[in-house]
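Build the full structure now, drawing on both the sequences and the hints.
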Amino acid sequence: MTDQAVEREVGRARLRKEDARLITGQTNWTDNITVTGLLHLAVLRSPMAHARIEHIDVSPALERPGVVAAFSGRDLAGGLGSLPCAWPVTEDMVLPDHPPVAVDEVRHAGDPVAVVVARDRYAAADALEAVEVDYEPLPPVLDLEEALADDSPLVHADKGTNRAYVWPLRTGEDFEAVKQRADIVLHRRYRQQRLIPNAMEPRAVVVTPLAASGEFTVYSATQIPHILRIMLSVVTGVPEHKLRVIAPDVGGGFGSKLQVYGEEAIAVEVARRLGRPVKWTESRSEGYLATHHGRGMIQDIEIAATREGRLLGLKVDLIADMGAYLMLVTPGIPILGAFMYPGIYKMDSYEFNCTGVFTTRTPTDAYRGAGRPEATYAIERAMDELAAEVGLDPVEVRRRNWIRHEEFPYASIAGLTYDSGNYEAATEKALALFGYDDLRAEQQQRNERGDGVRLGIGVSTYTEMCGLAPSRVLRDLRYSAGGWEAASIRMLPTGKVEVVTGTSPHGQGHVTCWSQIAADVLGVPFEDVEVLHGDTLAAPQGMDTYGSRSLVVGGSAVHRAAEKVVDKARKVAAHLLEASEDDLEFKGGVFSVKGSPEARRTIQEVAFETFTSHDVPDGMEPTLNSEYLLDPENFSYPHGTHLCAVEVDTETGQTRIRSYVCVDDVGRVINPVIVEGQVHGGLAQGIAQALYEEAVYDAEGNLVSGTMADYLVPSAADLPDFVTDRTETPAVSNPLGAKGVGEAGTIASTPAVVNAIVDALRPLGVHDVRMPCTPERVWEAVRSAQARSARKEASA
Amino acid sequence: MTHISVTVDGTAYEDEVEPRLLLVHYLRDRLGLTGTPIGCDTSNCGACTVELDGASVKSCTVLAVQADGGEVTTVQGLARDGEWTELQRAFHERHALQCGYCTPGMIMAARDLLRENPHPGSDEVRKALEGNLCRCTGYQNIVRAVLAVAEGETAAGERTGSAQEVTA
Ligand code: FES
Ligand code: FES
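Going down the list, the sequences are from chains H and X. Every letter in the first sequence is one number past the one before it in this note's numbering, and letter 642, counting from 1, is 642. Every letter in the second sequence is one number past the one before it in this note's numbering, and letter 8, counting from 1, is 8.
Derived by calculation from the structure, the hints in this document are not laboratory data. Each hint should be verified, as a subset may be incorrect.
So these bits of chain H aren't anywhere near chain X, every CB distance computed over 10 Å [claimed, not checked]:
| hint | residue |
| --- | --- |
| 1 | E18 |
| 2 | Q180 |
| 3 | A388 |
| 4 | D528 |
| 5 | G677 |
| 6 | D698 |
| 7 | M708 |
| 8 | R770 |
| 9 | E780 |
Computed spacing ranges between beta-carbons, pair by pair [claimed, not checked]:
| hint | chain 1 | residue 1 | chain 2 | residue 2 | range |
| --- | --- | --- | --- | --- | --- |
| 10 | X | D53 | H | D710 | 29 to 39 Å |
| 11 | H | S580 | X | E83 | 29 to 39 Å |
| 12 | X | D53 | H | R777 | 37 to 47 Å |
| 13 | X | D53 | H | E776 | 34 to 44 Å |
Just so we're clear, the structure is a prediction, and the values are computed from it rather than from any experiment. We treat Cβ as the ideally placed atom computed from N, Cα and C, and that holds for glycine.
Below is the structure:
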């Protein structure tokens, strides 16, 4: 036996174990899966935003070559229940029926009306054309405020209202009273445009039935195999223990695969009826209509402050677009934001009001940050407006209001306890890396010269909440699931290790990070650890991957499970070495007796001993396995400071990002390479919301940006190089000290970019530009500011 | 049905195909070469990029019949005797992939670039990859990976922390 490596894995820039297959094309995407007798399913979708189905006949499709079956919504209604919503945010929330295939009425362009099953995908797609449908158009519901008017057409006539719910939160002093003593009250309206998630892998599902036992295996490009299994059981009536859900390689999710989609239930039902395996794969344009969207909100924000720039109170009135139906967590997304509007700031009063509204558009749901980017955007834009109002540097205004390092743990006005943070350190580091003072000096010179291309500097400081848990807090939020996560560790007789995790990665590198965590605690080589996930047979328990919860909750569970293994191994080692447990040292995977280092057992030797179980302490269970279900005591709160410099051409409206610097504090880092990559990806999305992306509907409710050719997903040529750095203030609420990183970049970057653009144009009289800040919108903003000042001069 | 003969990743195939069958579906569904994924239906994403007779093409815009008599290389045909190409290594070492869905297309497009321009600058790499979308990486590490190959900087093994990764 040689001495085992004692170098720590956690914190090390390990290259990913995941890559080998992905780089060589040995992949296992859901659409790759094929089985004997496989049939292909295609979905006919409504071309209209809102219509009554007067008549539908699927039988002509059956005449088409290769077609095996065709079903209308009514045909399927017997076997399928309503698609689930697991977050009834209020007791009186309006919850409409949501059939996987529409029966009488379609409520958004893309709502399914029929399905066709054929021997190959081309035949299935062709046969859709043969289905006959007569629609009686109904008025679309598109404007969020008009939808709330008494005389508005209704998305769900039987509900008598387009108001899904009203959710209020009021804490601290009365906002009106605070306003009375404020020097300054600012009111701003911001819009969060709808975004289309665009995970690069389209959704796909394959269902294979086992008629004899009534079992089904469901492969799905999903983030949530465990939740999907429960929900599919509810929707289809197949008992849960007869469903096995597998998320094979999943090509990105970003929240859009945190869903229980109609197609998953339809595929189970069709496979059940036909007794044959079925596959459905979404085309990109189909996905634009049928995969949930993100954002979609109007934010009215009011802040009360003193002349010195001290915040006194904050009031947020939110109207959130639910789209046509409430999907898995649709209503809860804006509520997550409710806790984040106060951001990193102290104040005396906070008032929040959210109205969820039905429209005849694709449903919205979780997307990259889910509620928190929206909240951060509003408060960070408003802080800049306050700075302008009181004539202070935007960074200075933030300094005057933020929670200081020595004040942690801090009870935020929204009712959260921020466990740890150091906003000063992150900000100082970011300012230095960015060269803030030099850029401000250059900006001033250029403004004085009256440069046509203006320099703008944008700052955004943020915190967010990751690792949705503990479960009892989720109860208080009326979220119908726990926030725990499961991990188990199996030390195999040969000394290799299997880690089973309830998280379900889709690009985040869990296999590598979880290996690092387990290797450290167990003292085994990184290479000797394998991680199993994403299959309800291999990993029967879990709450899956979303909201940057995986490392914080799931990684911590792995850590605890590994500690349990070591605890048991210590007992066995003590027995074998005839020593007391207290006399044993455990280092680098070796148990040795203090003072006599030659008396030693490696953990692998112990694993073998427990496998044979020939000589273990009396009453001890054989093998070296453990399981840990971890329900953390708090959320975790990453934070950071992002700085962006833009050059805005006042003639063309073109914005160019000149430099982007961010310093994020995501607590203790397990793998710096992966952290950096996650931040980059998030930045790309946040910048894209600021500058490029928007789901656009026309007056009839058609999705105009309905393909990748019309919806601007930024390419490498559209984005700058980022400078990313970190501070590390460990979380105190989990054993790893980790805070979560997946959403940081997205949350902070959108306001940083828009603040920079407005900062560039403020001397021209511009106070806001609506997102995405396209050249046209920027140009328009400059023009109307010029016209305003010309009018002012004329009347003076 | 039309007869085609085509060599894919070094193996010769004779097949009857529908004239409308896309090359990407031929590769995936007929040959079972699923290393090349599909990301869109408008030829915008580049996920399906392969080489046809030495030039990179989006295999969702080429019909299988157009590949008749041709030679196709997919990401699955790159490694030789288990040895990755320099680009594959660079993608791994620079963490230029997360979910990996865009990766085959990115690698194939980057090969094309480096053939045309063995020493591109960062802007040239960004321009050349414009037709390949990635939703995970923000592109920065992809650009780094391609530049590393151009500058002959890849080495097997663990990447050392860069200046950007200092810990407070
Ligand atoms: S699948 Fe070919 S370009 Fe998108
Ligand atoms: S790595 Fe996921 S799309 Fe590029």
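Hints broken by the structure, by number, lowest first? 1, 5, 7, 11
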